[in-house]
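Just so you know, the sequences run in chain order A and B.
Heads up: the first sequence begins at 3 in the working numbering, then just goes up one per residue.
Heads up: the second sequence begins at 740 in the working numbering, then just goes up one per residue.
Everything labelled a hint here was simulated from the structure, so no lab data went into it.
Among these hints, one or two may not hold up.
Unchecked claim - Simulated restraints on C-beta separations:
#, chain 1, residue 1, chain 2, residue 2, range
1, B, Lys830, A, Glu107, 37 to 45 Å
2, A, Gly6, B, Pro821, 46 to 54 Å
3, A, Tyr126, B, Ala853, 32 to 40 Å
4, A, Gln53, B, Gly862, 32 to 40 Å
5, A, Gly6, B, Asn840, 54 to 62 Å
6, A, Tyr126, B, Pro821, 22 to 30 Å
7, B, Ala853, A, Ser104, 15 to 23 Å
8, B, Gly899, A, Val100, 32 to 40 Å
9, A, Asn110, B, Ala853, 23 to 31 Å
10, A, Asn60, B, Leu859, 37 to 45 Å
11, A, Lys137, B, Asn898, 56 to 64 Å
12, A, Gly147, B, Glu849, 53 to 61 Å
13, B, Glu894, A, Leu127, 50 to 58 Å
These numbers were taken from a predicted model, which means no experiment stands behind them.
By construction, the Cβ of each residue, glycine as well, lies at the ideal position given by its N, Cα and C atoms.
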Amino acid sequence: MELGQMQKSLQDYTKSLFVEGILDSQFLQLPQLQDESNSDFVSQVVSLFFQDSDRILNDLSLSLDQKVVDFEKVDPYVHQLKGSSSSIGAQRVKNACVVFRSFCEQKNVEACHRCLQQVKQEYYLVKNRLETLFKLEQQIVASGGMISAMDLGF
Amino acid sequence: MGMAAAEWKFHVLAVDDSLVDRKLIERLLQKSSCQVTTVDSGYKALEFLGLRQGIESNDPTALSTSPQEVEVNLIITDYCMPGMTGYDLLKKLKESSVFKNIPVVIMSSENVPARISRCLEEGAEEFFLKPVRLADLNKLKPHMMRTKLKNQKLEEIENGTEAVEPEIKGSEDMGIKILPLQSELEPKQVHLQVVKQEEETLSNNKRKSMEEGLSTDRPLPRLEGGIATAV
Chain A
3 MELGQMQKSL QDYTKSLFVE GILDSQFLQL PQLQDESNSD FVSQVVSLFF
53 QDSDRILNDL SLSLDQKVVD FEKVDPYVHQ LKGSSSSIGA QRVKNACVVF
103 RSFCEQKNVE ACHRCLQQVK QEYYLVKNRL ETLFKLEQQI VASGGMISAM
153 DLGF
Chain B
740 MGMAAAEWKF HVLAVDDSLV DRKLIERLLQ KSSCQVTTVD SGYKALEFLG
790 LRQGIESNDP TALSTSPQEV EVNLIITDYC MPGMTGYDLL KKLKESSVFK
840 NIPVVIMSSE NVPARISRCL EEGAEEFFLK PVRLADLNKL KPHMMRTKLK
890 NQKLEEIENG TEAVEPEIKG SEDMGIKILP LQSELEPKQV HLQVVKQEEE
940 TLSNNKRKSM EEGLSTDRPL PRLEGGIATA V
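Make the full structure from the sequences, and use the hints.
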């Protein structure tokens, strides 16, 4: 595939993430923080998000699998995940967390289990899409092309 | 960057228990030409400042950084943190005779009016809703500028090298305009404009002081460059 086509693919792919609501405008703030001296910032912060989320989802699964669920423990985990997903613009993950928290408040164990599944689903979705996004970018850069922050804005 | 610009670099202490948010706030602050130190709890923040366990450090065996060595121009902290909340930290700082004048900004992902007014009443300068953006940080410059100039004046009084300077009323007096971050403007352009004005003002002050035969050199050790220290 030639460079121009690859860049068009990247733009279309990125756009679809916004149209589907997987990402929101906060994600567009990230490239603004990237420059020559911090050229990997976006992928770094996204990696941190993945790292952090994997840990939280694991802890959440363990907490909800307890015989007696301690919601004092569960809610802060969901709050953390809501915060970090909001910070990088992972809209659907954030929204799923909001729903999750309301069931935590009601101490509804069954609903919380369902919420956890929903959050996981949204998380794996955004993770998958972002990993593809970064791959597309890498392909372009490897072919001698340039990615500018403008490519992601529209 | 010459000495002049380095003298006006603000040092911000950022407190947040979230890994992702710490990374973000660090970069946001660096992009706003601040030196940044990040810590993950209120306790670590107090430790960094030299206030251990809420007791002011006159203890010779206390942590290596004493309040006088590390100049912090602003503290920005998350509200919801385990153990010591941002509000608890704010209270401790305002109770301290040494640190009550450092401007404190609270961040929160939750828009709770009662929380916001409580923090502002306790003395927080600003309350930012997360996610924080570059445009929000432009509001911080006047607060940090005020403290830095106050510190400079206090020092000059102590050293007997007090220059006669006009009272700092507001950012307009200083001829520094805090530019709104317009969407057409690249963040870099805004940063350059603010830095230019800061340098201009500094050289004006320096010129005035030189005319009066006084020194504006400040003997405080400076932290190098724009390198952030994660604690």
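Tested hints:
The hinted window of 37 to 45 Å between lysine 830 of chain B and glutamate 107 of chain A is violated, with their beta carbons roughly 27 Å apart. At about 50 Å, the beta-carbon gap between glycine 6 of chain A and proline 821 of chain B stays in the expected band of 46 to 54 Å. In this structure, tyrosine 126 of chain A and alanine 853 of chain B meet the distance hint of 32 to 40 Å, their C-beta atoms being roughly 37 Å apart. Between glutamine 53 of chain A and glycine 862 of chain B the Cβ separation comes to about 36 Å, which falls inside the hinted range of 32 to 40 Å.
Judged by the Cβ atoms, the range 54 to 62 Å given for glycine 6 of chain A and asparagine 840 of chain B holds: they are separated by roughly 57 Å. Between tyrosine 126 of chain A and proline 821 of chain B the beta carbons are some 27 Å apart, a value that agrees with the proposed interval 22 to 30 Å. For alanine 853 of chain B and serine 104 of chain A, the Cβ-Cβ distance of about 20 Å falls inside the hinted range of 15 to 23 Å, so the restraint holds. Taking the beta carbon of each, glycine 899 of chain B and valine 100 of chain A are about 59 Å apart, not inside 32 to 40 Å as hinted.
Our hint of 23 to 31 Å for asparagine 110 of chain A and alanine 853 of chain B holds, since their Cβ atoms are close to 26 Å apart. Our hint of 37 to 45 Å for asparagine 60 of chain A and leucine 859 of chain B holds, since their Cβ atoms are close to 38 Å apart. As the Cβ distance of lysine 137 of chain A to asparagine 898 of chain B is approximately 59 Å, the hint placing it in 56 to 64 Å holds. With their beta carbons about 42 Å apart, glycine 147 of chain A and glutamate 849 of chain B fall outside the hinted range of 53 to 61 Å.
The hint said 50 to 58 Å for the Cβ distance between glutamate 894 of chain B and leucine 127 of chain A, and at roughly 56 Å that hint holds.
When each numbered hint is compared with the structure, violations occur for hints 1, 8 and 12.
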